[in-house]
Every structure is written in structure tokens, then in C-alpha cells.
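The task is to assemble the complex, starting from two chains supplied on their own in separate frames and drawing on the hints.
Read off the chains here:
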Amino acid sequence: MDFKITSDFVSNFWNLWVMVLVFGSILFCVVLLWSQSKAPNNAGQTTGHVWDETLEEYSNPLPNWWRWMFYLTIIFAIVYLALYPGFGNNPGKYGWTMRGQYEAEKAVAEEQFNQAYGPQLKMDVAAVAADPKAKEAGQRLFLTYCAQCHGADAKGAKGFPNLTDSDWLWGGSPETIKETILKGREAAMPAKGLKPDLNADQIKDLANFVRSLSGLAADSLRVQRGKELFAQACAACHGPEGKGNVGVAPNLSDKVWLYGSSEDTIIETITKGRQNRMPAFGEFLGESKVHLLAAYVYGLGGGVKPEAKVEAPAPAAEEKK
Amino acid sequence: MSSSQSKPEDKPQETAGGSLYAAHKKVYPRSVSGVFATWRWVAVWLTQLVFYGMCWLPWNGRQAVLFDLVERKFYIFGLVFWPQDVFFLAILLIICAYALFLVTAIGGRLWCGYACPQTVYTEVFMWIECLIEGDRNARMKLDQSEFSGSKMIRRSAKYLCWGVLSLWTGFTLVGYFTPIKTLLQQVPTLNFGPWEFFWIFFYGAFAYLMAGHLREQVCKYMCPYARFQGVMFDPDTLVITYDVERGEPRGARSKKTDYRAQGFGTCVDCGLCVAVCPTGIDIRNGLQYECIGCAACIDACDQVMDKMSYPRGLIRYTTEHAMEKHWGWREILGHIVRPRVVIYTSILLLIIIGFVWGLATKPSLRVDIIRDRASLAREVDDGLIENVYRLQIMNVSENPQKYVLAVDGLEGISLDGATSIDVAPATTQAMTIQVRAPAEAGKKGSNPIYLDVKSTTDEKISVHEKTTFIQP
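Protein chains in written order, with our numbering: chain A, 1 to 321; chain B, 1001 to 1472.
This is chain B alone, in the form it adopts within the complex (with noise of 0.2 Å):
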């Protein structure tokens, strides 16, 4: 869906020289309010006080959401997941996914503008920047100055919070995987395990390296987002659009003239969209792939128009098919129920319900056997048949356990020693039970008998675990 307009002129990376690696020219964007300003800010606040305040959350007397590695349990408030659980992880990354394709095929690029981390992080840190350095013209000025002290001291205030931010951004990740409260108590004397202390200054170099000084390359040149909306857009997409029949052409006139008469159209060509842009490109070269989506360009655009009095919407969320054919909101709602929508909606139900049902019907018990395999069966006293087996029994559950087994299938089966056996929160306990039957019972060779495992103390709590019996 690349624009048929004018080939793009003015891009930031073109150099007299002409080599084949250019230079990486900084972008300055200009801070921006408005209504999309304002939302971008509120998905900052959302996501970050999810992501730095979670790890802190208790619950029954450990952490909330810890994802205990070494351990192997995944600790999400009530739920535990075992290595064995590794399904749900699965289904809930497709479920992202699939809300991805379902969000991007009506709204463009959402998540890049407002959600994904890399967005997030920028803007803090370029809010940081714009506090300490000032703003767009101010920040390039400083650049260009020559090395004073003042410019030292903007600089270095700037870097001490990035790092301080960084450092806490990479702290805060490492206490999801390490109980954050013990992390804190290590830090005075930065006593942190040889992996913690890795991790920490790892991610908060990154951190550092991503939102500070790489910012919009990533989204150019690492992320593949960019790279295929085109198919993940179609021609009732709402992206963001400059209305080249309404502001075409472009140019500067007095607010009190007609510029109709004039022969303008309503773009004034203050340049602003560009200026504030964060990857520094003009929209109204149409839609690109380094625009992520972030509407900045319309909130300036818009207080543009209110000061000279034009209609806003110069540059608004609208999609290819209004655009041709003149739609009004009415229109461009009514083709956001389509075939491409609808099957993602309703695949991602399906899958939502499956995994929920999954999650609330997870068992707490999990029994798994193992029967001997050299020496299949053995002739005991009264001329029994016994085979020998090794039960590992998994006490998923958060509480300690006591439980009983029994066994059926054939004539005259029992079990032999150890009936019950006590099984600690959380943890494998593993023993080995004799089964006996006659020898008579059943066919020589395999047959299918079970194994039932039951909790003393909640009667929902139990297993039938199917297995063999040899008779030789």
C-alpha cells in the first residue's frame, strides 16, 4: 500500500557525498500536546506502573508474579505454572499475536505509536532530555555550542538520569526473575548473585543504548514491524494521512485573506508535522514505513488550524478507501467490519476461551508412571504375580498434601506396602509401589490397569492414571 504520490524528497539521510552509509543525522523532535499526546502519555503511565509496580505486589507470603527459573515455576498471583505448563505460554503468545493482526488491521500501527516498549522508553527519555536540554531549537543549539561548562553540566545531568532510569528499568526486570525485595536488600553493597549483576547493568545498558541514543534507528532499521504492514494493512486500515485535496497547495498566507481565492489549499507549510515527528520524516509524502504511527503530526497540525481558524483534520487517522471515495466517519466505521476483521475476532475468541477454560481447570495433581522395565513381573508368596513401578507425584498446588492410592483393573489386585504418602507445596515426590495380583488374572502379557490418586483433604483433587500390569 505505498503511496502513489510524489517520490519522497528531503530524506534526512541523504548526503552530498553520496556513499552507500550515510551518517546518522539526529532527529529533534519538537514536544507536542494535543489529544493523541495525551493518550501516548496515558499508555506510558499504564504500562509502567504495571511493569515497575507488579514485581512488588505480595501474595501468599511470596511475590506475586515471580518467574522463579531456577526453581522452574512461573508464579502469576494464584496460578503456578510447571515446566509442564509450557502450553499455555504457547497459546497466550498466539493470542498476542493474533490481537496484533486484529489491532493493526483497524487502527495501523497502535501498538508502535503508543504501546511498544521501544515508544515508551523514548519518550520518557527524551521527556528527561527535554526538561535538562530544553526544547527542539534549544537542544540544537546546544549541540552545535562549543564544550563549555554549562554544557558539560546539562550534558552529564542528562546522562546521570538516563543511567539512574536504566539502571532501575534494568533492576526492576531482574527482580521479576529474582525476588525483587531480596535484590534490594543486595544493592548497598551491590552483593547481587553473578547472573543478577549481569542482567542488571546488561538491560540497563540497553535501555540505555535503545531509548537514549538509538531511539527511531530501531524502528528503521532493526524492528520488522515496519517492514511488513504493508500486508498487515488494507485499503480500510485507518492510518495517519495528510489530505492532499484539502491542503494542496501548500504555502504561507495572512490568516485574514481568503485563501481559497488565493489558490491555497489549507496546509500553510509551517512545517511543524515535521518538526515534531519522531523519526523525522513529512508526512505528506504519504504513508511510510518509518512512521510508526505515533499522531504527533496530528496534534500539531491541529492547533495549526485552530489558530488560523481552518478546520481541523488536515492530517487525521482516515483510511485509503475514504480517502478515494470521499467517506465520511460513517463509512470508514461500517468497513471496520470485514472479512479480515471479523476472522480475526473470531479466532481470537475461540483461542481466549480455550485458554481460559485451560487455566481454570489446570490440575493441582499431576501423577506420572513409571513402571520397571528390566525386570517386568516376579512370583512372590502365595503365588502372586507383582510388578514393580515408580510413581512421581507433583503436588501442584500451594498447599502441603496427604494422598491416598488405590488400584484396579483386575481380579483380586492390590497394592503392597506404602498406600499414602505426604507431598510438600509445590514440590516432586517420588516412590516406589509394589502391585500384586494373581496369576491367573487377566491375559499373559500387558494389561491396562489404573492407578487412583486421591487428596486426603480436598476430594476434587485426584488422578486416574492409566498403566500395566505384566503377567508373565
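Isolated chain A (complex conformation) (with noise of 0.2 Å):
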């Protein structure tokens, strides 16, 4: 990313003004150091001020080597100012900026952490949630960049998904996981799903019926209503039987409930809809990061294993003849 700094100044007068002073406090040191070198000393004498009645200053001369290092240091001055910003706007021969020096450790943070895990961007995301270095690594990221909504243990929250668990909103297999991450997901229910006239009442006996697929206490005339509503109006997304789609609608008949079981609870995701996201951290994270990250989730545990490559089957006994 590049930004282009700009000054708020329309004239150039601040930048001449600083290096007239830079120039002029530098020359006074020179000369007052010089001309003051060549000052009579009143050794053992003293200044002839009288503090508090009694309290008086000698005026003894300063060692040589004094004026020396004062000498050391207007050098010092003007070398750095040639090298480094200070004389106005000059930007100095090394041209330091904050920006370089912050861009150039980033560079070197990069490279260590390249060379630390760039092998594991090639293993698939499996094999790299075996690797133990790895996992601990991408414990670290999770507690950094997902622990805040996922929690620390990685179980969720109301409205933020149980990662360890084998119910999968997106998909569990691990490329799926690292897409999730990389590109973040986009979650929308419509309220009151595929009939927009449905009214409280009708929206009750829904609720009930949702309840009743996960075997949740419910009112059965209510349950008997809601049946048929829900096939008119949720059936299309999540399924016949409540099963739910990945990736499209989630399974209503299991025990994961990710904004709450209780009735009034449903009741408001059918009246008001879910809107819910996950950001991508792809451009944020960068590929590597997001790579360890998706094998630290698939390793918590509830990841779809890949399916295992079926073998051809051996050649029939007759073929070989």
C-alpha cells in the first residue's frame, strides 16, 4: 500500500524558516565556543556575584578536553544533518522515513516467518495440521485473530460458530475451511423465509415445529400447524426434514444452535431474519497464516477427513491370460 503524504503547508517559508534556525543556533555554538576559548580566566578568583550573603562561584578555568568534546558534538551535528532529516525538509543522504524503517522491519519479519513456515504453504492442509511446530503456531494466530468472536477454546458464541464440533455451516473438508478464512463468508436468512405474510402467530407455531425436529419440548397442535407452514415457507433452503444444505441453509434437527434454542429466540430469527459474517482474512493475513490457521481449525478436530483415493481395483485374474 502506498500512500502519498502530502504537506499541509502551501509555501515553503516553515522549511526555510527551520533551516535558518538549524544554521544560525549551530554557527552561535561555533562562535560562542571560539570566541569565549580566547576569555580571560580569573583563576581562583571568583565571579564576583554574591548569592544569599555568603554563597560565591570561583572562576576557574574548564580542562581543555571539555572544549574538545563540545567541538565533537558540533560535528557530530552537521554529519547527521547531512545524513538524516533535520535541516528543514531535506530528507538527508540515507533518506530515513518512519515509513521506510517500519516497511523494511516488516520485510525482515516476513522473511523470518517465510523461512520458518514457507514449507508448510506447500504440504496440504491436512498434513500441515499434524506438524506440531505448526500447530502451535497457528494456536497463536487463532488466539490473535479469531479467538475474540470464536473464544479462546475455539467453541463459539451466540452467533459465532463452534469450530470443533462436526457441524459445518460452509463445508468442514480442509480446502473449505481455508476458503472460509480466506475469503470470509456472507450468512443470510430471509425473514420469514419464503412467505412474507406470515404473522406472529403462525410464526409461534413455526418455532414450535423447528424445536420439535431437534426433539425439544413444544406444543403439539402447534407443532401440527407448523409442519405445514414450513414446508411452504423454510423447506426450500433447509431441506424437507429440516436436514439443511451445506451452504446454503443450516440442519434445524441436530443439537447445535448458534443463536440460542429457546422459543423466543427462533421466534425472532424467523421474524427478523439472520444477517451474519465472517471477514476474509486473505489479504489481511496473507496465504501462509491463513494456511496454518486453516489446518489449526481442521485440527481441533471436527474437520471432514478428505476421501481416501480408492485404488483402482486389481485387474481380473482372467485379463493376464
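I should point out that these hints are in silico values taken from the structure, not numbers from a laboratory. In this text, all values refer to a predicted model and were calculated from it rather than measured experimentally. Ideal placement from N, C-alpha and C gives every residue a C-beta, glycine not left out. Hints may contain errors.
Stated by the list, open to error - One-sided excerpt, in silico: chain A residues whose CB lies under 7 Å from chain B:
#1 Q36
#2 S37
#3 A39
#4 N41
#5 P61
#6 L62
#7 P63
#8 N64
#9 R67
#10 Q148
#11 G151
#12 A152
#13 D153
#14 A157
Take a look at the structure:
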């Protein structure tokens, strides 16, 4: 990301002002030192001032090496101003900037990271999940970037999925997990499903039916009515038996409730719909780190194992003939 | 407490040209022996044995005294200090400060004259110089002589000895931060780490510069101690004083004559007190800021007094009051117990007791509980509410430990998941724990709960840490 930094100043005045001040101060110091080094001392005598009736100060000479150290500091100042910014707007021979230093340090850090975890990028996610060093790095990354929503133990919270179970809204295979982290996800349940004219009583019926799908306590009369409504309003996405569709709509017949299982909560879900968002971390973290994170999440245990490669059947004995 | 006597004359810095800056006039202290010179050498041996020796001592398989900056642990024999213990360092510095105030109030610049590293190293370097180039007169002659083969040899030998000692000093100092035995192995190939390399030569160079060449310039111009000694002394402080009444008028005289009849005081104006002074002052002019309290002038004068069969003590440790009021030792000692000294001593004792008590009760287990901030609580099976925490368990001891966890503070509260953890010696381990409680327990919002972490090997090692449980 390249930022163009523009000055708020419209004229060159302040630049010149600073240059004049800097040059003037250094010149003043040089002149002062040089002129005063010829000044007489009154070794052994006092300066003549008396404070508080008895306090006086001697006027003894300073050692020569002090003077040479003063001159040394002046030379240092001049050299410094030639190399680094300070003399007005002059950027100095090294062209040092705060941003430049930051970019340089960032490049070094990225280099170190790539050296340590570069090889993992070439392995697939399932293999990386088995590497203990990568797992630790993944955990550290998780605690930094993911734990705020998903919890330090990855078991989620209201509105944020549990990553350790085997229920996956968008797919639990290693590649899908990685895609979720890289590109993010947008979830949208339309309010009242496909039947926007549902009234409060009907919604209550639906809520009871949905609870009954998971075996939770529900009013049997309402469950009956809700079943018919479900087929019209909800089954298109959630499936005729509410088993859901990965990537489309959650499974309503399991024990996993992202927003809560109480009747009131389900009523709210149906009435208002739900919008949820997993941010995309691809550009922010870079693929290496997302790869490690995907491996970590997959390694938490709930991921869907990749299909075992099916071996081609051994040729029938007859064909050898 | 500046002297109200005659204005100082013969200041060594005075130059004929009279400019604001004056070239440094080298001081050639003459060697001296005597009671106080012996004490000074005792101080040199004690301090340097500790400095050069302590880093070689082993303890529990490691260096006994090691300030491991990289691992952020300071080891002092059996004590291990983590960054959280920086408080002890602050208290230690305060103790040193009060001890300094106390000692200075009683005996003047005892630190400067006997124990300060600048004084100690200058003494050692001057001893080397004396050994190679000879005593005061020989050195003055050598400096003034023409360049010659023997002069070059002496000079080089001296610089070489100084150089070796300086490097060993730098090496030893770095050996307190990186194990010195490791450093020793790297010496043949000079294969030190970059920073070790830098600091060994940096400290070595500064030791060489300060003790070899700058010497009294440090005391006179760099160290603030000289300037605020006026505040640290009072009229009952023992300072090195020339007894004007006894000594004046000064003058050379034969040993056999009666000096009083001739109108002399006991000072024979031999000038030895000036010749032995490492800062090049004349103590007969009174207390001066340059005087570092090394008591070389006392030793020198006492020797001369002995030769003249006069009583010792023309220059001695005494107080301003004692001089004014002609007190003897009993009154001087009696006045040591005065408000300033009593206050310093009490404060010092209190802080030392607090410090030792704090060290004795330093915990060997530390626990930090960091609760999840964004996802505060969640509902889990059986209608229980769960809160998630990250624990940092710090095993300060140098033995591996296994700790067990327990929670209490709410009706029905329990830990789900791992309840014990192994931690290696002197390391920090983090773990995530889940605490569950019934939804009805406590009140809505924040409830204080307690986590107990106990060592399975030692009952006494335990921490009762408070945290909160959020009920939504």
C-alpha cells in the first residue's frame, strides 16, 4: 500500500525558517565556543556575584578536553544533519523515513516467517495439521485473530460458530475451511423465509415445529400447524426434513444452535431473519498464515476427513491370460 | 560547608596565558603507606575478589550470579528474579542510596576514597604504573625525557598491562550477562556474539580511558558526588582536616630545636601531603570539593610527624565542631548519634527488613487469568453457562512442577476439560480452561469466583486467584 503524504503547507516558508534556525544555532555555538576560549579566566578568584550573603562562585578554567568534546558534538550534528532529516525538509543522504523503517522491519519479519513456515504452504492442510510446530503457530495465530469471536477454546458463542464440532455451515473439508478464512462468508436468512406474509401466531407455530425437529419440548398442536407452514416457507432452503444444506442453510434437526434454542429466540430468527458475516482474512494475513490457521482449525477435531483415494481395482485374473 | 580560610592558591589548573580552558596538568601522586593506605588496599582486594570471582561460581548446574537479559531472568545464587520482580531492584537501589547518605553523614566521602570503582581501578592502574615507570620523581623525569628505546619499552609495557587488565575487566563484566565459561571457550577464536564482542571492548576501552588516563578528571568534573557533598555533610561529619591552629605558622626547622620557641607550628612545609594527593590539591587550604577522602595525606603527614617526634594527627579525621570547640574523641563519637544519623539509620533498617521479608516470601508460583473479552459467556449442554479463560502459569521455581486446578465461588461451579498442567522449571505455560455453572447460580452480570492452583509436589506452593464469571 503506497500512501502519498502531502504537506499542509502551501509555501516553502517554514522549511526555510527551520533551516535558518538550525544553521544559526550551530553557528552560534561555534562562535560562542571559539570566542570564549580566548576569554581570560580569573583562576582562584570569584566571579564577583554574591548570593544569599555568603554564596560565591569561583572562576576557574575548564579542562581542555571539555572544549574538544563540545567541538566533537558540533561535528556530529553537522554529519548527522547531512545524513538524516532535520535540516528543514531536507531528507538527508540516507533518505530515512519512519515509514521506510517500518517497511524494512516488516520485510525482515516476513522473511523470517516465510523461512519458518514457508514449507508448510506447499503441504496440504491435513498434513500441516499433524505438524506440532505448525500447530503451535496456528494456535498463536488463532488466539490473536480468531479468539475474539470464536472464543479462546474455539467453541464459539452466540452468533459465532463452534469450530470444534462436526457441524459445518459452509463445509468442513480442509480446503473449504481454508476458503472460508481466506474469502470470508456472508450469511443471510430472509425474514419469514419465503412467506413474507406470516403473522405472529404462525411464526410461533413454526418455532414450535422447529424445536420439535431437534426433540425439544414443544406444543403439539402448534407443531402440527407449523409442519405445513414449514413446507411452504422454509423447506426450499432448509430441506423438507429440516436437515439443511451445506452452504445454503443450517441443519435445524441437530443439537447445534448458533443463536439459541429457546422459543423466543427462534421466533426472533424467523421474524427478523439473520445476517452474519465472517470477515475475509486473505489479504490481511496472507496465504501462509491462513494456511496455518486452516490447519489448526481442521486439527481441532471436527473437520471432515478428505476422501481416501480409491485404488483402481486389481485387474481380473482372466485378463492376464 | 566551604572553608572560610585563605583563598586557595597554587591551583594546578592555573595557566599563565589565562584562557577559559586550561590544558590538563598531569598529577603524579607519590606512593604512600600507612594505616589508611592499608585500608584502601583491603577495600581493593575485597571488591575485586567479589567482582572478578563471583561470576565463576556455579550453582545448581548454572552460573550462580547471572543476569540473563535474553531470557529475562536474573539469577543470584538461589534466587531467581523475573521482570515482575523489578520492584526488588528498586528497593535495593533505595537501600544503597540510604546507606550512602548514612555513611557520608558519619564519615564523609568514604565511598569515594575507598570503594568507588573509579578509585579502585585508578589505584590498581597507578600501582602498575609505579611498578613499571617508578615512583613520582622517576615518572616525572620519564615524561620529560626525550623519546628513546627504553622509554618506549616502559611505556609499551605499561600500556600493555593496562590493556590486558582492561580487557579482562570488560570480559568479566560481560560474563555476568552471558555465562562466562561459554565466553571463555570463545576466546581463542574470538567467536563472541556481536553484542558480547561490542561490550567487552567498549567496557575495556572505558576502563582503560577512565583509570589509565582520566583518573581524577572523573572525580573533579564528571561525578556529581563532589558537588553535593556540601549537602551531605554537617558540622559533625568526620572529614579529613588540617589542624591550622596546631600547624601554623609552617616552616622548615631542625628536628633538635624547640619549634615553639622559634614561633613555628608543627607543619614543616615538606609538601608531602600535596605530593601524595591523587587529585593534586593542598589539604592545608581546607575542605575542598576535589578531596576524595582517600586519607593519603594523613598517612604521609603522620610519617613525617613520627620522624620529627611530633605527635601524629596534624592532618586527621575530625569534625568542624570538634575543631571549633576543641573536642576530644569522646565528644566527637558522642555526636555521631544525632537526628540526621538516627533518621537515616531507622529508615535504612526498616527498608532492609522489608526487603529481606519480601525476598523470603517471594512466591514460586504466579498465575494470571485472562478471561475471554468478546465472547463473554455461552450456553452449553444441560442449560449450563460456560466462560472461557486463558491461564498463564508461571513456575518460578527451578524444579518441574505439576499443578492441579479447582474453582469455587458459585453454587455448582465446575471446570470442564483439563484440570492439571505440567510446567517445566523457570518457564511460563499457557492453557485454556472452561468454567461451567448453572444458569441460576449467582446474579446476572459479573460474579467473583476463585481459581485455586496447587502444586502436587509441595503443598505450600499454591495460588488463590480471583476472577469473574459472567452470567448473561
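* Which of the listed hints are not met by the structure? -> Nothing - there is no hint that the structure violates, so all of them hold.
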